[in-house]
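Using the hints, position chain R against chain P.
The chain contents come next:
2 protein chains.
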Amino acid sequence: MKKDNIRITEKNIDPEAYYNILYNRINEDLANAVSVEFPPNLYNPMRYALAARGKRFRPVLLIMACESVGGTFRDAYNASLAIEILHNFTLIHDDIMDDDNLRRGRTTVHKKWNNNIAILAGDGLIALAYRFLLRTKSRQIKRIIKIFSEAIIVICEGQSIDKDMESAASVSMNDYFDMIKRKTGVLVSISAELGGILGKGSEKEIEALSKFGFELGIAYQIQDDLLDIISEEIIIGKDLGSDLAQGKKTFPIIAFADCASKKDIKYLNETFLNGNADLESIRRVKKMLHDYGIVEKTQQEVNKHIDNANSYLHNTSHNHLLFLSEMIRNRKF
Amino acid sequence: MKKDNIRITEKNIDPEAYYNILYNRINEDLANAVSVEFPPNLYNPMRYALAARGKRFRPVLLIMACESVGGTFRDAYNASLAIEILHNFTLIHDDIMDDDNLRRGRTTVHKKWNNNIAILAGDGLIALAYRFLLRTKSRQIKRIIKIFSEAIIVICEGQSIDKDMESAASVSMNDYFDMIKRKTGVLVSISAELGGILGKGSEKEIEALSKFGFELGIAYQIQDDLLDIISEEIIIGKDLGSDLAQGKKTFPIIAFADCASKKDIKYLNETFLNGNADLESIRRVKKMLHDYGIVEKTQQEVNKHIDNANSYLHNTSHNHLLFLSEMIRNRKF
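Heads up: the protein sequence lines correspond to chains P and R, in order. Just so you know, we're using our numbering here: the first sequence kicks off at 5 and counts up by one. Just so you know, we're using our numbering here: the second sequence kicks off at 5 and counts up by one.
Hints listed in this document are in silico derivations from the structure and should not be mistaken for laboratory results. Just so you know, these numbers come straight off a predicted model, no measurement behind them. Heads up, none of these hints are tricks.
The list cannot tell twin chains apart, which means a pair is met if one copy fits it or any two copies do.
Each computed DSBU-like pair below joins lysine-lysine, with the alpha-carbon atoms no more than 35 Å apart:
{"id": "1", "residue 1": "K59", "residue 2": "K150"}
{"id": "2", "residue 1": "K215", "residue 2": "K150"}
{"id": "3", "residue 1": "K208", "residue 2": "K141"}
{"id": "4", "residue 1": "K59", "residue 2": "K185"}
{"id": "5", "residue 1": "K208", "residue 2": "K150"}
{"id": "6", "residue 1": "K59", "residue 2": "K116"}
{"id": "7", "residue 1": "K150", "residue 2": "K308"}
{"id": "8", "residue 1": "K204", "residue 2": "K150"}
{"id": "9", "residue 1": "K59", "residue 2": "K146"}
{"id": "10", "residue 1": "K185", "residue 2": "K146"}
{"id": "11", "residue 1": "K252", "residue 2": "K116"}
{"id": "12", "residue 1": "K185", "residue 2": "K204"}
{"id": "13", "residue 1": "K290", "residue 2": "K308"}
{"id": "14", "residue 1": "K115", "residue 2": "K150"}
For reference, chain P alone in the conformation it holds in the complex (with noise of 0.2 Å):
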């Protein structure tokens, strides 16, 4: 990794362009994360899926949340790397279980190479993220450590919850959040608590940022759903709709479910359930969650929670983290 030459401190810069500082930093790093090069088969899809120029959220976040108690760039920027290496792993392994075919707009891992090669090398990016994660240097390593490993038992808990819904012939609103707040909510969550223990922030300020980055994620899983359904596939380099073709029970599918006439609640659900989803019933659905008020509802709810996730910032220095938020929040891919 080159020497760090980020200097500059969140007082003296515009959030957007600081964005697009980091975003580039992380993007050259991760591309270079993974130097060696025997075994190919574990170590090229490794690299590949590293270098997807992904929005790499959730380390920017980290990072800025620890400069917004005080600390730097310096003290964050290997533990930020660390949370988006894990979040690839998530990645590698929910295509595989959703057998998609596009991710950041490449194709998948396991489609590129095979299933035993994605779920090796997602196996990989784990232990990657804690090689990086422990060159982190803090009095309070293994306290950050923990918080790291617990967060994969609640992203797995997650991920089995949201298989589990696919199937289930009904889900509530309550499931649908109990799953989010595990499967998105949480990463999030952890990485704006960690850039907060790493910038000695105070327990108050780690509280806060906890809080901020869990409602963050919320309304980051949310807008997913919503542009899932309002989004061509070319922009949000996914496949199209796919989370209705393969019967997700997303909030928009549920809040359309809790009002829609039964007529057009049994169209969903035989169109869907049955995987016969083609381009044109995926259209139609699109148009109904559009004429129910859906799409707007939606986007109400997110709102909501990036509401609750800037109650939380209450100073000046939180400036670049009030950005992010706005950032989620108007996001279109």
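The following block gives chain R in isolation, referenced to the frame of chain P:
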């Protein structure tokens, strides 16, 4: 977990009796390691995997290594469970990749549930392993976690090489040893090494234990290869000749290819590379391996590595470790 009631030091108990005490205690605690119930499709398979009665040889090694340098059972115990849980993660994911039906005499996780559930159960076990490791009280906890994490990457390398070898036209003895060092040697090696660290051994003692464990791991794997050929299914608790049937390039197979007639090598290749191995072909290959003296040669190789391992044991405080290595030498399952 129940209160620590093992107060026996190795000076006053027969090694085999002590092994049995540890074995029962480990089994009991692993069967209770997963107390959470929800979501069942994550925790039931994790519990199922941990309840299988393996030999528990790695955790026992860790404990005995710790005691051999003056540490106590209590110093070593959580780390020993972590090692066994990590080992169980590798078994679940390897069984998916090999599509094996049986493990320790029971249906494999992915056959009892499905591939997705098994992927997730394995992931969950990695995190659970860290949870136990983090319960360890040691000033060297960062070093311990680093050794543990780096071992995971090396094990992934070993598994990747192993899978690639199945479809390789030819595999040399060098290739084979390179693979088993990573796939099996390293985890056994760090079991002894971590025991040494936790027992507060000198750096020289820790290094000797690490080398002892490494040679033991190599011996263990070659013995495993041999048992796959000479054992009956009912004893070994795995698929009969499953390595053979999958075209795995094990020690006996490579040794056979180095000395057999062209005709016999051709028979072996045609039988197994086509995936056509029936019970009759497997029996014939087994007979050939006997006739060429491969079984004897393989046992000699096991003996060589056990002797290497034992050469690192210098004093009477190593009596229990000596018992372990002789147990590996003579194991029949």
